[in-house]
Amino acid sequence: MRSETLAKRIIACLDVDGGRVVKGVQFEQIRDAGDPAELAAAHSEAGADEIVLLDITATAHSRNTLLETVRRTANQIFIPFTVGGGIRSLDDAAAVLDCGCDKVAINSAAVADPLLISRIASRYGSQAVVLAIDARQSGTTAWEVYVWGGRKPAGLDAQAWAKRTEAMGAGEILLTSMDRDGTQSGFDCSLTRTIATAARIPVIASGGAGEPRHFVEVFQQGAADAALAASVFHFGLKSVNSIKQEMRDAGIPVRLTC
Amino acid sequence: MIAIVDYGAGNLASVAKAIGHLGHNSVVTADADEIRRADKVIIPGVGNFTATLPLANGDFGTAVRQAIAEEKPLLGICLGLQWMFEGSEEAPEMNGLATFRGTCTRFSEAVKSPHVGWNRIEVQPRSRLLKGILSGAYLYFTHSYRAPICDDTIATCFYEQKFTAAAERGPLFGVQFHPEKSGTVGLKVLGNFCAF
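Residue numbers (our numbering), protein chains in the order written: chain A, 33 to 290; chain B, 120 to 315.
What you were told as hints is all true, and nothing was included just to trick you.
Estimated spans, in silico, between C-beta atoms of each pair:
(1) B:Val230 with A:Gly187: 24 to 34 Å
(2) B:Val147 with A:Thr89: 25 to 35 Å
(3) A:Asp145 with B:Ala314: 40 to 50 Å
(4) A:Gln252 with B:Cys269: 29 to 39 Å
Using 20 Å as the maximum straight-line C-alpha spacing, the simulated DMTMM-like pairs for lysine to aspartate or glutamate come out as follows:
(5) A:Lys195 with A:Glu176
(6) B:Lys191 with B:Asp271
(7) B:Lys281 with B:Asp271
(8) B:Lys231 with B:Glu208
(9) B:Lys231 with A:Glu198
(10) B:Lys281 with A:Glu36
(11) B:Lys231 with B:Glu279
(12) B:Lys231 with B:Glu209
(13) B:Lys191 with B:Glu153
(14) B:Lys136 with A:Glu100
(15) B:Lys136 with A:Asp130
(16) B:Lys136 with B:Asp158
(17) B:Lys231 with A:Glu36
(18) B:Lys191 with B:Asp150
(19) B:Lys136 with A:Glu70
(20) B:Lys191 with B:Asp152
(21) A:Lys195 with A:Asp145
(22) B:Lys281 with B:Asp270
(23) B:Lys159 with B:Glu190
(24) B:Lys136 with A:Glu77
(25) B:Lys281 with B:Glu205
(26) B:Lys159 with B:Asp178
(27) A:Lys184 with A:Asp213
(28) B:Lys307 with A:Glu77
(29) A:Lys184 with A:Asp211
(30) A:Lys195 with B:Glu228
(31) B:Lys136 with B:Glu153
The hints are simulated quantities; they were obtained by calculation from the structure and are not laboratory data.
None of the values given here were measured: they were computed from a predicted structure.
Just so it is clear, CB atoms sit at the ideal spot from N, CA and C, and this is done for glycine as well.
Next up, chain B with everything else stripped away, as it sits in the complex (with noise of 0.2 Å):
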């Protein structure tokens, strides 16, 4: 069972929806024993980062750093890789989980923010998550903060500069873009996760 952390930032239907097409079970849950009793644990989210308030601390961060220390392959969507990093400027008052080092910033007045739509991603060869994902494919991405590479970037995007489109260390995995809104290429990295 992989449980969809629902946290209150935005709509978590659409990845329900597509790990259950791909033929696996979830639930997209706000309990905290549910969480420790997946396998998996997807952390979706769009919006503010302060959104990501009660993964901080209290049942929620618990149960998910809980999974963390079992080595439960854990996936974070947009928001969620941004909260993977060690916090962002968005809400300088708050940490992030730091799996990944360095801070989003938002992207400047140079382009249009958010970065809306389709975009292509460099793909490291080393990566687990993005097996089969040829460098220069397309996925869907919309946000206005930006993660910044770091070593365990394992793809990248480019939109005013490069940042971290996918990052990966042991069982702990982000990627900005949106894998359940990216047609069959996104549907295969979220497949590629719901194997491990």
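Same shape as in the complex, but just chain A (with noise of 0.2 Å):
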């Protein structure tokens, strides 16, 4: 059995609001962290494999900034560029998808109406649609679907969701533990093994993201296809670089550019 040689994906995620990228760090302080177009093509540049940008306010007055934002971002980069927030329709997904970004990740828009998944992939591909799960821990192996920013819960067991999104055409899943998120202590391992091995479509490992080591842990123990992370590569914490060669070291294909 030849040994596998598909990468696994170190993605970068810009939090972006009112065209600035933003990190609230544990939720208390926003951070101004700097332009998306320049941080893209800088993550880009340091060897990160895609870039997400979401838009964490989401509010209709700033949709034409964020447009803006994703237009200039894309110009700027030429790997995959996935953009989330506020996307609500098959006119949403269209109105970013024009502006040169290759995917669109939806959250809560897809637990209300689950056809949307469906209505994208149909007209751009499978590919091209991304299925956000916000989850948060309810029991020793059970996960909870939240919406509306984890403010509110769907009512949806995360590995359910996740199995009745891919047959509606998502082609990938991007998976949050919010008892994880802003923490740095590591990804959930547990939730991304159990929603990894159970869909047979790529899981994108999300929240939790300190250290290097945090990123062996999850393709090793947490079975992710991706991992994606926002403050650590932001504020200089740690290089993308540095977290590959921390990879490679422990044997995990991964696609080196310095």
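Since each chain sits alone in its own frame, please combine them into the complex, following the hints.
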């Protein structure tokens, strides 16, 4: 049996508000981390495998600012680019895809109307649809889906929801552990493994990254296909490359660019 | 001028953006006359094989086949590459261009599908499209069907089994990966095509 050559991906996430990258550190303070287009290009140069841009306010008022940000960012990078936050309809998805991103991440709107997944997938292909799941532990091996930026329980089991969205045409799952998000204490490997082994589509782990070993853990113990982080990269805590070196040393297939 | 054929299959702006970045002119077009006037043609595309229906006949099909008859360089990307084979299990009732021999098949249940992410390719030194790209280079893939290995295969990738990552015959080229999304390595592949 030939060893796997498909690289495990490291994805840099830009949380954007009003055209600037921000990141709430444990939900308390918001620090301005810079211009999204510049940061996306810097992350790409540093070896990030993909860029995700999340509009964290996602009000109708800020929509035009977002589209301009997406357009500027897309012009700077030649790696896959996903946009999420506030995508509630096929038209919303079309607007950001027309600005040059490759995939859209949908969350609350898919819970409210699961057919939205199929509608976007049939127009743009499943590869363009990333289903975002915010999950919080609700039992020893059970996690509940939350919507509205983590404020409202959706009454759905995360594993069952993942399988359902896969059947509706989602191409990837972006799985965020709300218990770990912002803590920098490591990914929730148990949650990730549960979803990643149940799903037949790739699963991106998110929430909790703080150290290079956390990435190694989520690939080895969590069976993740990709891992996403935000502040760990923006504030220079750890470079993408140092994380990838540690992954390579652990025997994980990884794309090294420098 | 490079014509990027807009036959309704997905988002073509990123291919045009990458070509512009390399300093070449391109136009995303659904106009058969514009395809006829171009000196190179790119057939991009994502999604279902049935999306290639507009290429099968009518104005589009005629213009693309005319470009091929005039030996203009042509590059199929992703679904565009698959269309250059004889057909696909995804739409058995439809024919491809049949430049390359064989039929595209789906990844089995044994692996996650789509095959998404950066994977390594093995390059044959004779390739003109991949000149300067070394075996082991990573490129970005996203697809659920794969093209078989054929006589014209000039690069392979491994996922579940080996499949065609790139093929070429004369001025006709196809790549399964997305050169416009594969960083500097991908830009080099597009640059090679633009220079033909």
